[in-house]
Amino acid sequence: MDVLLQWFCTLERMPIILLLIKIQHMDQNMARPPQSNVQSIKAQDVSERNPGMDFEPDLFGRIRINRSAVERRAATLGRRRSIKRDYQAAWLLKALTCIDLTTLAGDDTPGKVRRLCQKAKRPVRRDILEGLGVDKLKLTTAAVCVYHNLIETAVRELAGSGIPVAAVSTGFPAGQIPLPLKLAQIRESVAVGAAEIDIVISRALVLTGDWQGLYDEVKAYREACGDAHLKTILATGELATLGNVAKASWVCMMAGADFIKTSTGKEFINATLPYSLVMVRAIRDYQELTGYKIGYKPAGGISKSKQAINYLILIKEELGNQWLTPTLFRFGASSLLGDIERQLEHHLTGSYSAQHRHPVS
Amino acid sequence: MSVKAIFESMEYGPAPESPDQARQWLQAREHTLLHFIGGQWMEPESGEYFDTVNPASGEKLAKVADGNDVDVNRAVAAAADALEGWVAMGGHGRARYLYAMARHIQKNSRLFSVLESMDNGKPIRESRDIDIPLVARHFYYHAGWAQVMHEQMAGYRPIGVIGQIIPWNFPLLMLAWKVAPALAMANTVVLKPAEFTSSTAVLFAQMCGEVGLPPGVFNLVLGDHKAGEALTNHQEVGKLAFTGSTEVGRILRKATAGTGKKLTLELGGKSPYIVFEDSDLDSVVEGLVDAIWFNQGEVCCAGSRLLVQESIADRLHEKLRKRMSKLVLGDSLDKGIDMGALIDRTQLERINSLVDLGVEEGAEKWQPRCDLPVDGCYYPPTLLTDVQPSATLAQEEIFGPVLVSMTFRTPSEAVALANNSRYGLAASVWTENINLALDVAPKLKAGSVWVNCTNMFDAAAGFGGYRESGFGREGGKEGLYEYVKPFWESKLSKDPVQQLPRFVPVEEIDSRDAPVIDRTPKLYIGGKQVRPDGGYSQAAYDATGKVIAEIPTGNRKDIRNAVEAARATTGWGGTTAHNRAQVIYYIAENLSARSDEFIRRISQLSGKDEAAARAELDLCISRIYTYAAMSDKYDSQVHATPFRNVTLAMKEPLGVIGIVAPEEAGMLGFISTVMPAIAMGNRVVIVPSRHYALLATDFYQVLDTSDLPGGVINIITGDPEVLAEVLAKHYDIEGLWYWGSRQGSRMVEEEAAATMKRTWVNYGLYHDWEDEQQGQGETFLRKATEIKNIWIPYGE
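Chains H and G, in that order, give the protein sequences. At position 361 of the first sequence (counting the first as 1) the number is 361 in my numbering, and the numbers step up by one without a gap. At position 131 of the second sequence (counting the first as 1) the number is 131 in my numbering, and the numbers step up by one without a gap.
None of the hints are false.
Derived DSS-like pairs: lysine-lysine, alpha-carbon spacing no greater than 25 Å straight-line:
#1 G/K4 <-> H/K119
#2 H/K304 <-> G/K4
#3 H/K304 <-> G/K335
#4 G/K477 <-> G/K443
#5 G/K326 <-> H/K306
#6 G/K546 <-> G/K522
#7 G/K60 <-> G/K226
#8 H/K136 <-> G/K4
#9 H/K306 <-> G/K335
#10 H/K304 <-> H/K121
#11 G/K4 <-> H/K138
#12 G/K326 <-> G/K365
#13 H/K84 <-> G/K335
#14 G/K783 <-> G/K261
#15 H/K84 <-> G/K4
#16 H/K121 <-> G/K4
#17 G/K326 <-> H/K84
#18 H/K306 <-> G/K4
Here are a few chain H residues that sit away from chain G, every Cβ distance over 12 Å (derived from the structure):
#19 R49
#20 V155
#21 G162
#22 Q176
#23 R187
#24 V190
#25 G209
#26 A220
#27 E223
#28 K266
#29 G301
#30 K304
#31 G338
#32 A354
#33 H356
If you're looking for bench data, these hints aren't it; they were derived computationally from the structure. In this text, a Cβ means the ideal position worked out from N, Cα and C, and glycines have one as well.
Produce the entire structure from the sequences given, and follow the hints as far as they go.
Have a look at this one:
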């Protein structure tokens with residue numbers, strides 16, 4: 001064990017690239033660090049895309065997650081910090097810029113998606129933005145997220161706005177289709193203009209402990225994505241334990257995920273603060289080890305401003321302000337925006353708002 | 001800052017809780033806090049007041065009545081007057097009041113919280129989310145006990161007037177912990193809050209009036225140590241309950257010694273927080289935030305001693321430092337802070353000097369760069385690493401936001417370091433291995449053990465200390481016994497019930513009898529018969545005054561050896577209750593096999609006829625059976641605390657108990673006191689009745705044949721009063737039971753103050769040892785055990 005430890009220590013001040021080369025060439029049979037959590041290496045900040053690393057099961061194999069403790073932390077996070085008045089308005093604006101405005105329904109049509117895209121471009125009534133003094137910021141949502149068939153519509157509608165189109169993929173939401181079809185789907189989505197691909201992992205690989213299989217699968221997705229960013233949906237609600245959530249997060253990051261994401265929105269349990277805590281802590285450890293910052297996207301069930309604020313608090317407390325940007329944090333949400341709009345109007349006028357006063361998407 | 005600027009900086013900004021309502025309340029009281037006695041607001045007899053200030057700002061909140069003995073006398077008189085009516089009201093009536101109090105606290109919870117934070121300096125989040133909800137919970141929970149007391153506490157009666165003295169760190173919560181069980185068990189109360197924090201107690205008193213609590217049931221005397229002393233020394237106070245420093249606890253122990261006043265003390269701590277290498281380190285870090293930076297570290301059970309497995313120490317420290325950098329200090333009414341102001345400048349100075357000392361002694365100090373408010377008493381969160389067990393800071397309570405860290409290598413070393421303390425209030429154990437957790441938790445000398453959590457409290461679970469952290473429990477059924485007395489206790493007699501034979505010693509030996517083979521009674525230490533260190537013996541007489549043997553005169557060194565032998569016999573407490581029961585049954589069996597011999601001896605020493613002697617022996621054997629039976633039946637409990645966890649109220653033996661047996665009660669007195677102690681897993685050092693010492697020395701031969709491990713029962717004959725004092729002054733025994741004189745009882749309680757050993761004395765009164773209630777029963781078992789609450793959250 002100590003061989004690796006000492007060796008890690010000598011690396012402390014090595015450029016990150018060298019470090020990664022080392023990691024990639026790490027002998028699989030080598031003695032492993034003695035503990036569950038990853039050895040701390042003061043890796044330098046790297047702002048490029050996460051290239052991933054070799055499959056290194058000992059980096060996550062002995063991770064321990066104490067569910068009760070995680071739940072306690074999650075339950076008090078939003079009570080330990082309080083965001084009021086102008087701060088609340090600013091934070092809610094931040095939240096909306098992090099939204100992947102989403103529609104993922106069987107009855108989606110081009111018309112519906114065009115509407116969604118226009119809303120993404122102009123998420124809040126102009127008078128409200130003026131009132132808050134942020135009309136010059138040209139705020140938009142972070143992305144629009146749709147099924148493959150609607151990518152082209154969205155890309156056309158968003159042309160020139162700078163808003164990327166994200167597509168769910170790989171047999172979303174259950175992922176129960178053959179791997180070649182999954183890869184083909186990714187390639188086709190990228191080909192028609194999706195800049196971000198939200199894949200679903202094969203839950204069976206997690207539930208049977210086939211971490212190598214999961215790594216190989218996600219690595220293949222990453223290759224298929226090319227320049228498109230890869231968001232890996234863990235479907236946390238179907239992974240049974242927080243320990244599995246942590247491990248799956250690690251495997252996805254090792255395999256080159258740009259974002260790790262909780263849920264499809266279609267599971268019985270979707271994004272929760274405890275899942276989020278576990279995932280962002282994995283992101284933090286990964287960044288400490290490699291220097292790469294992985295994005296985080298909770299999705300499903302986040303529909304209220306208060307929830308959004310709690311997520312932002314969680315991110316700020318656990319990862320820091322660097323992550324409070326759409327490049328590293330997204331909400332997968334469809335109705336959250338509406339609630340934020342109402343809260344913003346309330347902030348300006350002091351009167352509680354009504355849904356019909358804000359344009360629908 | 002503009003919305004745009006905040007959008008870019010993403011800072012938190014201030015989130016003040018309004019002090020307006022609390023200010024209005026203070027205004028309505030004309031910024032004057034008065035005593036509440038007999039349902040009336042009363043000015044201090046002295047006419048003197050002192051100021052109470054907001055430690056976050058130094059702002060004066062109100063002037064506080066400076067109580068003295070006259071005020072205390074009035075309050076105790078009011079409480080005594082109210083007693084009869086309060087008892088007569090019945091459990092249901094009392095339950096209604098306690099329920100109303102719980103409701104009323106909930107309805108006014110924000111006012112209580114804000115006032116508490118202004119007065120104490122603690123973050124409003126904590127008073128709002130922790131203190132006040134727990135206060136309400138305590139009244140709800142104990143409303144239930146009031147309702148079912150007659151059934152669930154059958155055989156027990158209220159004590160009478162209870163004096164309660166509480167600290168400033170959790171003002172209203174400590175009030176609730178004390179007042180709720182006292183009232184539920186039909187006592188009336190005189191409470192003195194800490195001089196720094198009287199406000200919420202006054203608001204509580206006002207609320208008692210509003211819910212129509214009968215006058216005198218709850219009385220409040222404000223003030224400093226003068227009022228505290230008067231309450232401590234008041235003769236009509238039947239019980240004193242105190243939470244505060246060990247130093248003051250000792251004073252109270254001495255002041256009440258020999259008075260018969262019941263006493264519970266909840267004192268200081270230096271609680272270990274043990275982290276094994278297989279724990280969830282991020283959760284460990286959050287746990288530490290709640291352990292040592294909760295309430296600015298001004299928490300008696302704060303996890304202030306981090307014991308971390310060497311293999312993960314650096315990693316944990318690094319994570320901890322990062323987390324500490326995120327802690328926010330500020331005004332207690334800001335909803336976004338983690339730590340508020342310390343209670344007072346004296347506390348700040350104390351912490352400063354202790355930390356300086358720690359650094360001087362080699363510790364490495366680390367504090368995050370954080371903004372400290374300019375006004376008020378603030379101290380930053382502090383981590384001291386490289387602290388060795390020999391350092392002052394590893395032993396002394398700091399009572400501030402300062403964590404000291406040490407490393408260990410193995411589980412047994414973790415336990416040894418954790419227990420290397422005079423205190424024993426609480427402990428945390430972090431590991432994902434349930435085998436390890438449940439192995440370590442029982443070995444820790446602490447009243448509360450939190451597995452993978454920390455600072456968990458609830459009304460349904462007892463809280464209190466081992467060792468110098470005090471004695472008694474607050475919360476749970478175990479806490480109720482601190483506020484009741486068994487009915488039989490009032491029946492104890494001023495005169496001996498069992499009689500010693502009266503005789504005039506006959507000095508000359510009848511020389512016509514041929515000499516029998518000389519049998520030499522010895523001391524019995526560590527399972528071996530040993531001669532007394534001093535080399536002296538004293539005559540043993542039969543009931544007619546004839547010398548029949550010579551009994552060794554044990555001295556302090558014999559006691560020392562006996563305690564060492566008992567201490568070394570560690571297996572007895574750890575063996576299964578079934579095994580203990582088997583050994584104890586076996587003792588009964590072997591005693592029975594030698595009945596004739598013992599009956600003759602009882603007759604010889606007591607003058608009883610054969611039938612009476614046989615009856616005594618039979619009762620002894622029956623009693624041994626009783627405790628063999630109870631070995632595996634007086635067992636632990638799981639408390640219904642409102643979390644997803646198992647709260648295990650584990651009954652543990654005290655450890656080593658000294659027993660000074662009742663002089664007059666012969667064989668029965670010896671058996672009745674030794675057996676409950678060993679049945680619960682204790683080891684004993686017993687000083688038998690001087691007159692009946694031969695029965696004890698005969699008895700060790702029974703023990704020798706009964707598979708009892710040597711060292712579980714140690715018998716030191718000699719002068720009970722002399723040996724009692726040696727036992728009382730011994731630092732390495734956990735309990736001392738004494739049946740003897742009034743002065744002896746006082747001596748035992750006074751000397752116990754040094755180490756806070758648990759004492760049980762008779763104040764010169766006499767049990768009827770033949771009586772089923774006075775001679776055996778639950779009280780004996782309860783005195784032989786200590787309850788440790790082990791909190792085990794679960795869920796994967």
